[in-house]
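Q: For the protein sequence lines, the chains are A and B, in the order given.
Numbering (the working numbering) for the first sequence: 2 to 183.
Numbering (the working numbering) for the second sequence: 2 to 226.
Honestly, the hints are just simulated from the structure, not real lab data.
These figures come from a predicted structure and were not determined experimentally.
Careful, some of the hints might be misleading.
[Said to hold, decoys possible] Once the Cα atoms are required to be at most 30 Å apart in a straight line, the calculated DSBU-like pairs of lysine-lysine come out as:
no. : chain 1 : residue 1 : chain 2 : residue 2
1   : A       : Lys16     : B       : Lys141
2   : B       : Lys143    : B       : Lys217
3   : A       : Lys164    : A       : Lys36
4   : B       : Lys217    : A       : Lys158
5   : B       : Lys201    : B       : Lys129
6   : B       : Lys129    : A       : Lys16
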Amino acid sequence: MISFYLSLIETEADKSLFERVYEAHRQNMFKYAMKFLHDEGNAEDVVHEVFLAIVKSGVGKIRGVDEEGNLWVYLATAVRNQCITFMKKQRNVQLIEPGVNEFFGSLHTGDSTAQDASYASLVRTIRELDPIYADVLYYDLVQEMPSDAIANLLGLKPATVRKRISRGKELLREKLGKDYFA
Amino acid sequence: MNYSKEQLSRALIEVLSERVPALSDVPDHVFSPRFERKMDRLIAREAAHLKPVRHTLRKSLIAAVIVILLLFALCMSVSAVREAIFDFFLRHFDDHDDVVFEISEEKDHIETEYVITDLPEGFTLAQKNSLPHLIIWDYKNKNGDCISFSQYTADSSTFNAIDNERGQSREIEIDGQSMLLYESQKYLLLFWDFEGYLFKLEIFGKADFSKDGICKIVRSIQPIT
Chain A
2 MISFYLSLIE
12 TEADKSLFER
22 VYEAHRQNMF
32 KYAMKFLHDE
42 GNAEDVVHEV
52 FLAIVKSGVG
62 KIRGVDEEGN
72 LWVYLATAVR
82 NQCITFMKKQ
92 RNVQLIEPGV
102 NEFFGSLHTG
112 DSTAQDASYA
122 SLVRTIRELD
132 PIYADVLYYD
142 LVQEMPSDAI
152 ANLLGLKPAT
162 VRKRISRGKE
172 LLREKLGKDY
182 FA
Chain B
2 MNYSKEQLSR
12 ALIEVLSERV
22 PALSDVPDHV
32 FSPRFERKMD
42 RLIAREAAHL
52 KPVRHTLRKS
62 LIAAVIVILL
72 LFALCMSVSA
82 VREAIFDFFL
92 RHFDDHDDVV
102 FEISEEKDHI
112 ETEYVITDLP
122 EGFTLAQKNS
132 LPHLIIWDYK
142 NKNGDCISFS
152 QYTADSSTFN
162 AIDNERGQSR
172 EIEIDGQSML
182 LYESQKYLLL
192 FWDFEGYLFK
202 LEIFGKADFS
212 KDGICKIVRS
222 IQPIT
């Protein structure tokens, strides 16, 4: 006798959420991917990879992100990382990565929404952190995702994600002091 | 200085938000038919997605998987009566395999619909999702076991992702038809191409499927006339 315990998790609400997220964000995800890849077919593939990762991880897990209004940050960060992974696979990353950093630099506004100096200092510190660390820390600390799921979403190896999380926390600790995280 | 988790989260979100450029001035893109088809499949797959729940009978599971493997080894000895129209290969990645189909013929939509004509006892049709290029039949029994049968068209770069971290895949033959068999502890998948279509048979549940039972399902798949 084969003993498998199964339950149906799929709900109309999950299906509806996925379709809504797909319709609302696919254009911007594609446009963002095009800024890195400059190829429509490859940009479409990256958008597909991100949605595939969301399905694999369970659609219900993005419900909270959506409700908090941070879904675009979640998706855009995934798209950017998938693009960088794609470019690395194409062995083009040496030409692209400096451009990406310049691109980020031009977007920094320098204005924080912080109400106090210490928060502003925290934002500045994170801003100075290499994006490869800030990105994984976002999924790890804010979204509380397991490293395997982060790896799947960003197109990275789980070991790479774990290393970046560890190194990112270490860098924050160096910059903010030993007990930066209450 | 100590920071709360809320402060750290807010700061991370703020910094990451700054890095996303304004995209409103970029004209909308018309997605390719290939992309639309892949996403339709993904949405349909999500609609039919089943997630297994953990259980504690680990030993019986392992034994059951071994039995299934032995049964399929016997199943492979059946003589050939079918011919594959096109072939597939596996593209290996760290966390998944892509099943890539190499085809010469592309269909825009499903012209001939296939269906399981001999269901195991107790199974009845629970749901049918139908799109021009995709049809999914879900059958269930009173215990909640599920047999899902999908038929869809393929394009020249069709692939399906298989999780290679939780299960293993290998190629088998049933009646001369090459198929990809994927098994995890909680799931069994058969994947093949025939007459210009891709077919997927998925089994979730605790029903006792013998080698004859599974081969019988596959052999009973017939076009609706």
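Q: Against each hint, give a clear statement of whether it holds in the structure.
A: Going down the list of hints, with the structure as the test:
1. At most 30 Å may separate the alpha-carbon atoms for a hinted pair to count; A:Lys16 and B:Lys141 meet this at roughly 20 Å.
2. The hinted pair formed by B:Lys143 and B:Lys217 meets the criterion: a straight-line CA distance of about 21 Å does not exceed 30 Å.
3. Of the supplied pair hints, the one linking A:Lys164 and A:Lys36 holds, its CA atoms being roughly 28 Å apart against a limit of 30 Å.
4. Using a Cα cut-off of 30 Å, the hinted pair B:Lys217 and A:Lys158 is violated, with the two alpha carbons roughly 40 Å apart.
5. With a CA separation close to 14 Å, the supplied pair B:Lys201 and B:Lys129 stays within the 30 Å bound.
6. Taking the CA atoms of B:Lys129 and A:Lys16, the gap is about 15 Å. The hint holds against a cut of 30 Å.
Hint check: a violation occurs at hint 4 only; the rest are consistent with the structure.
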